[in-house]
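K.L.:
First to last, the sequence lines map onto chains A and B.
Per the working numbering, the very first residue in the first sequence carries number 1; after that it's consecutive.
Per the working numbering, the very first residue in the second sequence carries number 1; after that it's consecutive.
By construction, these hints were calculated from the structure, which means they are not laboratory data.
Treat each hint with caution, since some may be false.
[Unchecked claim] Cross-link-like lysine to any residue pairs, in silico, SDA-like; alpha carbons within 20 Å at most:
1) B/Lys309 to A/Gly82
2) B/Lys319 to A/Gly1004
3) A/Lys694 to A/His658
4) A/Lys712 to A/Asp506
5) A/Lys450 to A/Asp506
6) B/Lys327 to A/Ile690
7) A/Lys171 to A/Ser161
8) A/Lys1000 to B/Pro328
9) A/Lys1053 to A/Ala1070
10) B/Lys325 to A/Pro109
11) B/Lys309 to A/Ser161
12) B/Lys309 to A/Pro80
13) A/Lys712 to A/Ile690
[What the hints assert, rightly or not] Only part of the chain B face toward chain A is listed, based on derived beta-carbon distances under 8 Å:
14) Val9
15) Ser190
16) Arg203
17) Leu206
18) Tyr329
[As the list claims (entries may be wrong)] Stretches of chain B that chain A covers, calculated by requiring three or more beta carbons in the stretch to come under 8 Å of a beta carbon on chain A:
19) 20-30
20) 79-85
21) 144-154
22) 159-173
23) 213-223
24) 293-305
No residue lacks a Cβ here, since even glycine has one placed at the ideal position from N, Cα and C.
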Amino acid sequence: MALNLKRKRGEDERSRKAPKLEEGSDISGSGSEADDSGDEVMQDLSGDEGEEEWGGVGDEAQPVKSAHNEPTSSISKKPPTGGELRAIREATDLYRSSSFKLQIDALLPNIRPKLSRAPPLEKFLLKLHTFLKGLPSVEPQHPLDASRKLLSKGVAVPYCSPLPIEDTNWKVAFEAPDDITLVGSWPNKISIKPKDGQKYGVDVAVQMPDEKDYLNGRFFQKKAFYLAILANSIRNPKSGLNVDVHYESTSGDPRLTKLVLVPKSDGSQTDFTKLNARVCIIPTTSTNSPIPLHRLSPAHANIRINSTKTSGEDTHSPTPVYNNALLTSLSPKPHLLSTYNSIHSIPAFADALSLLRLWANQRGFGEGSRLCVKGFESSGPLWSGLLELVIDGEEPSTSAASKRKALGKGLSSYQLFKAVLDCLAKHDFSKHPALIKSTANHKFSVNEFKEHHSATLVDSSSLVNLVAYLPLGCLDLLRHEASKTLEILNSASLAVDPFTDVFLHDHRDTATRFDVIFQVDLSTAKARESSLHQSLDFGSPTDYLLYNMNTILRKALGDRTRAVAFLQPSSTPSNPSTRPLTQAHPSTSSTIFIGLVLDPNNAFQLVQHGPPADSTDTAALNEFRELWGSKSEMRRFKDGRITESVVWDVKTADERSHVPAMVVRHILQWHFGLDESHVQTWQSDYDSVIRLPKEIAARYVQVAAGSGVGFKGAIKAFDGLVKAVKALDDKLPLSLVSVSPVSESLRYTSTFNPVPLTPALAASLPPNARYSQPISIVFEFEKSAKWPDDLRAIQKIKLAFFEGIAAGLMESVPGLKASVVLGSGDLKEANNELLDKAFLEIVTPEGWAFHARIWHDREATLLDRILDDKGPMPHIVVSKKRKQAERKGKEYLDAVEAKEVYERRYLHAPRHHRAIAALAHQYSAFSGTCRLVKRWFASHWLLGGHVSEEVVELLCAQFFVGDGKFVGSDAEIPASTLAVVPSTKERGFATVIRFLSEWKWEDGGLWVCLYGPRKEEEAEGEGASKPDLPKASTAGAWIVSTEVDQGGKMWSKGGPDAIVARRVRALAGATWKYLQTIEDGTFNVKGLFIHPTEDYDFLVQLNPSVLPRYVHNIAADEKLLNKSGKFANAVAKNQDQELVRPGFDPARSLFNDLQTTYSDTFRIFYDPYGGDMFGAVWDPTLKEPRSFRVLGGFSSLPAKEENGKAKDRGLVTLNDAGVLGEIQRLGSGLVKSVVKQYS
Amino acid sequence: MAPSTSTTVNGFTVLQVAYSSSSTHYIYSRKHIAKKTDTSTGSTSKRKTGADLPTGRTLFLVNVPPDATERELVLLFKPCGTVERVLFDFDVQEQQRDDDDSELEDEDGADEEDDMEVANAEESSRRKRRRLAKENQVPKVVSLPETPHRTIRKTGLTAYVIFLDESSLDRIASLSSKTRPWPTSSEEPSGLEHYAAMYQNLRPPLDSIREHVDSYMELFEYKLAKSKQKSQYRKGEAIVDEDGFTLVTRGGAYGKTLGGGVGVATKRFQRSGETARRRPKKEKKEKEGFYAFQRAEKQRTELLNLKQKWEEDKAKVEKLKQSRKFKPY
């Protein structure tokens, strides 16, 4: 056999070389003599050329090097030679781009086994071959006797059901194998590295003596015995093989059991541990075996059990899966040959197959110790089958519906890869069975497959249906993933190279992949209807149950989902796929994960229509009732129809996104008896982190029921206010042109549902739940020359306007309260007279609070005059010295700040608001994603003080707008695009967190196509503008650009700076890691939002009973939210007009004061949503004693040193105790204690 | 932890103030000496500082508590003598800038003294008083009502304490020998009450706002009118200075956009005959690729670019390879 092997390899090498020779000679003519000694000698460019086609890319570095060795001047001046040109052109034309091709070339060697480590394996195989050939035969005996004998030696015979019984009259025997062949991907050199450090598989087909008994599993019983004998003899130390022997069953089917040999490390010549491979022994039978093939067609019934329980007709129903398993035992050798042929007739076959399998492995369609898609555990032949399908096409007689043209053989690996994805994305194997064209005619007709298999893909060499085992939902997932990848590859923006995403990223994590995830405990699952016969057909009851479950779920969810995938790790350390020889049957894991990929257009529909009640088709009616059980009801709808239907009861808007989960829960309960406790989801836990505590929320709903709460209520209140202000037109000197909302409460992205707060309601709430979030709006009046041409005066005129509006509103709307607010009380702001500070505070009778500002565009011009180099009067030449003095002057600095505020407040904020609001309408999951991500930032003490709300919205938006093709368009978004977009907030959240944990903001900014697709020139311009970016990036580290803000600093200027940005990444990384624990069941949503406080130098603990926002705290203590607090008297003392103070948040004010006062002393963090703690970190440089300076900028104390010299040198150090004392005083009444963690 | 005897750092006497039993704050003090050049205020203020901060009875403080009020500092230095007033770092700068303005505006600075008294009041009201001293018909700005509140400044700032009597400064040394508690004035609340008061302060009654704005605008109009009267610039009128030179200004396409003097068009207009708006560039006259050598050249550069890009890509991938980027798992 080894000779056989050797010969094959030799042939392999020769044929590998031959085309190279041809290529080489027709390009340059000089390649011919260099060819003889293999890859390494191929130095000239034709060699490079040959490499890319033949995948021998191991020495890619060499041509690069040789190019570099040339004198650089000659590179730049000499035009490329013909050969080079051809290589370049080929790379650019046949691949996505030339760098894509180079990356593929660099990638491939890394996923292939190191052949230098193969010799011990070859020696081992040789030894194994001789050993197996020399095995003594075993007399025919009764199967049970035989198994008893073996069991006493510690080897169980993996008989499958129906198990042999005492009165069986057939016998089992053993004879040395006729033929031993190396099969699978190893001999063809197309193995690729499996995930998670698992071992390469080297398959050895051992041909059993001819067998013709294919009925009732007797073939498999004999096979099992054969395997057991092999196992027993290999295990025997006398064999000299020194390997561990295990059983493993492909896809958990005991009929497809094989032996797995893992070497024990002993340093001998046959020890191939270093290769990280394992040898699998697969018993096969010869292709010209006496089993009549037509008996194995899918329509044939080969399990005929004469049980009294089953009815007569059952015994003759077809057994397609059984037949398929039998055919599989015939297939390895023909398979090997056909793949071998493909590899040698199609140049890019091997590379394309590697790419495809890598792609599949990265998405869990293969083996791995993390969650993998059910049914793809040993799908090796599937991938080569798919390639064959796109290259050779289908059998002409098959599906007439989808005729795809066969592709040529000369395509590049990338083109083939993409063609397979395209086929996967478009071809529905369940509706249109695919029979790959083969030289020999297929023996079974398409219809037979169509009738008995749910999905069909039959390869050219054998009659095996490659997708027979796959639950349809998992096949859907494959389709979904393929279209997702195609979308990425086809996306117009060339700025981001999709290579990493397609090949290098691990996409197996459930959180970003599925919209809804369930963890189901199967231990008590019992199908409501199951047939013994089918269970036998499947071979394993668990597999049958899962297959059944998947089919029913898929049917029930219908067009709500794109895919219903079942996930299970194929092999984990605790639950390996292999089993010891003493265990006859594969063990099954009792938990399974179900992942749903939703179709947002239909997923959240509340009503599911069935057949009309008066339908004559009673079968359909019954089927519907059967599917839905008690949920199915007869209903009459508005349009007069009376149909059988299912209606899902939803109370709040949040709950609507739970409908798909409700469907799954109901189906599992009804069909499989799995109640709530066995099916776990995390959706409502996510909801609870962006919701008020129950009692408080209930009170809001009670009191404010009339006016409506939430975003709808806020928008209604806003519209009402606009109307009221417009009605004042005749009372105001200028008429109102427009009112722009600029608040997250009006664009569906505020973490909490906006709520109104009336004095009456406030009185009934505990004092630490009386926060009212004002909603910002901007008034724009008609243009007029009446405005003064002076910035200070303009601010005063605004006051007058506010006063007029306030008076007018209070008169016209009873119950409305309005007051003019002079500013935010910030010292820096108060000193800047050019700044637009004042705003109008309106509290509507329903309790909605608004903050309105006036936009006057003349301000910009006036500010520019101060800022312009020319000075206020362009014709007056200003001396350079004076200009510089002005630069430093207060007026100039004030103007800089005022201009910035002006632009942000009046130009960018309204535009941002409109874009985000539109996005929230377009994608239902967007608003939830923003809210969760904001909550995350807040609970990790970053929002507000370091990260602005707007930048969070932009970060979330990037995953929804994509390349901006569909921004602002009313057109239906194609399904392929929607597939990439998260459909639930949980998935969106996970996606953003993953991004944050990986984002390399140091390397460049992020471009969000919030305002439409990016234009080419902009993309090009970015490269040019990069050099001056670092200069501007002193304050904020993040660059998040949009079309209207090319600099990308509008919303990230105030932070995070590099230190905080690194912290964000670390926190996101930890959160992302924690999200992975979904897979092992220890996950708790709240845990994502618990902030670790150990890192802070000191913590300032606030008194929760005086914080108006405490109710928003992520872990609010319910006891503290009781109305009858300790300070009941103090509350009673207050006037009731003080009950509603929109925007009054002393903790926030204190935080801001501390942040500005001690900006050079420490960095402080705090959760703006009701956080009851500040955390701060000292500036580490202040710890060192330094010489005294008048404007030191920190609170110091004279440094002490023993010899007293310090005083002479005037060294001072940070007075940390003094600072903490100051904090305590600044926050008296608010601060409970200051806790020093490190000194 | 605090040294008990008086200490000096770089010529500053260290004053120790205890916030609580556990924390002590250190204020550095020195007699104020008027410097010849004060970098932060510029040359114009040189002669003013003398008047501002009388040498001999002014104490210069460094590292004043961020929330210190005038009253608290007065209380702190009570044992040394009566404090005339306290100037915080911020106010000093502002005031000096203010004075610069006023000096430019009106020739005589005689009313400087009473100006000082309202150092902490709003700028507009100060200006108003100044005017008042000169001309009685100047409108008066009604300031907005507010309850006293603290200003929280940046930490580590400076302040000037001006004593009534020169002898007070000598008593400072004795003050530094022991740690004294920080006097907290109850007039201006701090902490939670401070924020509540600020919240209230920022929302004055509507009628007072109306009054304030009206009076402010009145003053504004008045000033505007006055400056118009004074201004030399008037549109269309030539300005001739005492030497007989006519002022010529530049601006706009035809020199008409600007206010005063004789207008001359902008340089851009003179040069190109175009106003600021951009016109599309004219097409090149000569066709590209007309001559064979041009085509050949073009092709060559294209090929070269192609090769260059290829090499760049190669180098990039090589670099990525080195950073082990291509290990998918």
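K.L.:
Each hint: holds or not?
P.N.:
Quick rundown of the hints versus the structure:
1. Simply put, lysine 309 of chain B and glycine 82 of chain A have alpha-carbon atoms about 16 Å apart, close enough for the 20 Å limit, and the pair holds.
2. With a C-alpha separation of about 18 Å, the suggested pair lysine 319 of chain B and glycine 1004 of chain A falls inside the 20 Å cut-off, and the hint holds.
3. Distance hint between lysine 694 of chain A and histidine 658 of chain A is fulfilled; the C-alpha atoms sit about 19 Å from each other, no more than 20 Å.
4. A C-alpha spacing of about 40 Å is found between lysine 712 of chain A and aspartate 506 of chain A, which places the hinted pair above 20 Å, so the restraint is violated.
5. A distance of roughly 35 Å separates the Cα atoms of lysine 450 of chain A and aspartate 506 of chain A; the hinted pair therefore is violated under the 20 Å criterion.
6. Of the pairs offered as hints, the one joining lysine 327 of chain B and isoleucine 690 of chain A is violated, with about 40 Å between alpha carbons and a cut-off of 20 Å exceeded.
7. Between the alpha carbons of lysine 171 of chain A and serine 161 of chain A the distance comes to roughly 16 Å, so the proposed pair stays at or under 20 Å and holds.
8. Between lysine 1000 of chain A and proline 328 of chain B, the direct Cα distance comes to roughly 19 Å. Compliance with the 20 Å bound is thereby established for this hinted pair.
9. Under the criterion of a C-alpha separation no larger than 20 Å, the hint pairing lysine 1053 of chain A with alanine 1070 of chain A is inconsistent with the structure, at around 26 Å.
10. For the hint linking lysine 325 of chain B to proline 109 of chain A, the alpha-carbon distance of about 13 Å falls within 20 Å, and the restraint holds.
11. Only pairs whose Cα atoms come within 20 Å are accepted, and lysine 309 of chain B paired with serine 161 of chain A is rejected, the gap being roughly 64 Å.
12. Between lysine 309 of chain B and proline 80 of chain A the alpha-carbon distance is near 12 Å, which keeps this suggested pair within the 20 Å criterion.
13. As the CA atoms of lysine 712 of chain A and isoleucine 690 of chain A are separated by approximately 17 Å, the hinted pair is consistent with the 20 Å bound.
14. Checking valine 9 of chain B against chain A: minimum C-beta separation of about 5 Å stays under 8 Å; hint holds.
15. Contact between serine 190 of chain B and chain A, as hinted, is supported at the beta carbon level, the nearest pair being about 5 Å apart and thus within 8 Å.
16. Checking arginine 203 of chain B against chain A: minimum C-beta separation of about 5 Å stays under 8 Å; hint holds.
17. Given the 8 Å rule on beta carbons, the hint for leucine 206 of chain B holds: about 5 Å separates it from the nearest Cβ of chain A.
18. Taking 8 Å as the C-beta cut-off, the interface hint given for tyrosine 329 of chain B holds, the closest approach to chain A being about 6 Å.
19. Check result for the segment 20-30 of chain B against chain A: holds, 7 residues qualifying (beta carbon to beta carbon below 8 Å, three or more required).
20. Check result for the segment 79-85 of chain B against chain A: violated, 0 residues qualifying (beta carbon to beta carbon below 8 Å, three or more required).
21. As drawn, the segment 144-154 of chain B meets chain A at 5 residues by the rule of a beta-carbon pair under 8 Å; at three or more, the given contact holds.
22. Proximity of the segment 159-173 of chain B to chain A, defined as three or more residues with a beta carbon under 8 Å from a beta carbon of that chain, is not established by the 0 residues found.
23. For the segment 213-223 of chain B, the proposed coverage by chain A is satisfied: 5 residues have a C-beta within less than 8 Å of a C-beta in that chain, meeting the threshold of three.
24. Coverage of the segment 293-305 of chain B by chain A holds [criterion: at least 3 residues with CB-CB distance below 8 Å; count 3].
Violated hints for the displayed structure, listed by number in ascending order: 4, 5, 6, 9, 11, 20 and 22.
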